[in-house]
Amino acid sequence: MEYKDYYKILDVSRDATQDQIKQAYRKVARKYHPDVSKETNAETKFKEIGEAYEVLKDPEKRAAYDKFGTNWQHGQDFETPPNWDAGFEFSGTGYSAGDAGDFSDFFEALFGHARTESRQDRNVRMRGSDQHAKIVIPIADAYHGSRQTITLSRPVVDTTGRVTTRPHILHVTIPKGIVAGQRIRLEGQGSPGYGENMGGDLYLEISFQEDRLFHAEKRDIHLTLPISPWEAALGAKVTVPTLGGNVQLKIPPGSQAGKKLRLKGRGLCTASLLGDQIVTLQIVVPEAQNEEQRALYRTMAEKMAFNPRAGLES
Amino acid sequence: MTEQTIYIQGVVFNETTRCTLSDLCRLCNVNTEMIHQMIAEGIISPEGQSEMEWRFTSLAIKRAQTTMRLHRDLEVNLPGCALILDLLDELQELRCLSRRR
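Heads up: the sequence lines are chains A and B, in that order.
The end of the first sequence is residue 314 by the working numbering, with every number in the run present.
The end of the second sequence is residue 101 by the working numbering, with every number in the run present.
Hints should not be assumed to be uniformly reliable.
Examples of chain A residues toward chain B, derived with CB under 8 Å [said to hold, decoys possible]:
no.	residue
1	D35
2	V36
3	S37
4	R147
5	L186
The hints are simulated quantities; they were obtained by calculation from the structure and are not laboratory data.
None of these values were measured; they are calculated from a predicted model.
No residue lacks a Cβ here, since even glycine has one placed at the ideal position from N, Cα and C.
Sequences and hints are given; from them, build the entire structure.
Structure follows, in structure tokens:
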């Protein structure tokens, strides 16, 4: 197993007072709490912080932990020396129900034996904590529905009752028409807890990858469509990409830049909820590349009485 | 031997999701008293008149669960949780807007 430098995790010096340890914990807990943190593996880091505090806040446990001194590097291979905890009595377990299965191998090796014994004696059943994860998927996967294989890092209880952290692979169905920000609840797929069927739940929050063409807003898909000035003025039938393939769209004559056209049912749809694709027209002006083309433009200028800046004049 | 991968299907919390008071208690691992306090604080708002008729949306479930996590993990009181949720919403909106530019 890996040695864990609890002082390093809490960003505090080895001779910190109990008050300083509490302050350091509070500060770093806020930074890495999964609900407010911008860091990528906040949940794992937050659990690590909790474990570090669990040891350092208790003078008994801290003293026992300190016996190893500064000889070990965080992450280094480690084995508990025999009788390392001789002379220490850990009163009570001090674990709350929500912590079941959240601590590392290292912690379990040092402090877990008391809990193991009580667990065997009283046949304790403790519900595992819920796990929350964010998955990023292409918008097309949400449009059609898809199957995803995701890897989570989570605590696993083995046959001897010891808890280790393993990468856990899950095969999940992403339902058609799911919207960014919505969550999928997978019952019993969270932390395992103690006892049969005591696993917490796993919540997967959906988030979309940036797409070159499409932008999702709730159930609607937005696309900017470039058209030519004559298509705008005269109207036209154009091919428009959607997540479900190309469709034909009628541009009404006299369309202006920014005009929005709606393709019903071409957004993120479930059996009962419909989303649309909203196409925003963008008028692109072709460059005059020779004298003939310049002449065409000049003719337009002469023949069409048109002041685009009329609204700006006072 | 060919292995068949089994893809598990969860429950989606979307616009049509509605849960009862006891469902919500179970999902947040709290008693009804805590839910009452969250409602009093304006963190969540049920649809329906009597407790038996109360129904909570996906958004309410998410807010209630986040509140309990902040409360348990960071020892934030309920008014603090309410404020944090509002700020998180605002942050989310701002990030969305800045991404669109």
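Hint-by-hint comparison with the structure:
Checking A:D35 against chain B by beta carbon gives a least distance of about 5 Å; that is within 8 Å, so the hint holds. Annotation: A:V36 was flagged as interfacial toward chain B, and the flag holds, the nearest CB pair being 7 Å apart, inside 8 Å. Of the supplied interface hints, the one on A:S37 is violated, with its beta-carbon coming no nearer than about 11 Å to a beta-carbon of chain B, more than 8 Å. Satisfaction of the interface hint for A:R147 is found here, the shortest Cβ-Cβ separation to chain B being roughly 5 Å, below the 8 Å cut-off.
Taken as an interface hint, A:L186 checks out: its beta carbon lies about 4 Å from the nearest beta carbon of chain B, inside 8 Å.
Checked against the numbered hints given earlier, this structure breaks only hint 3.
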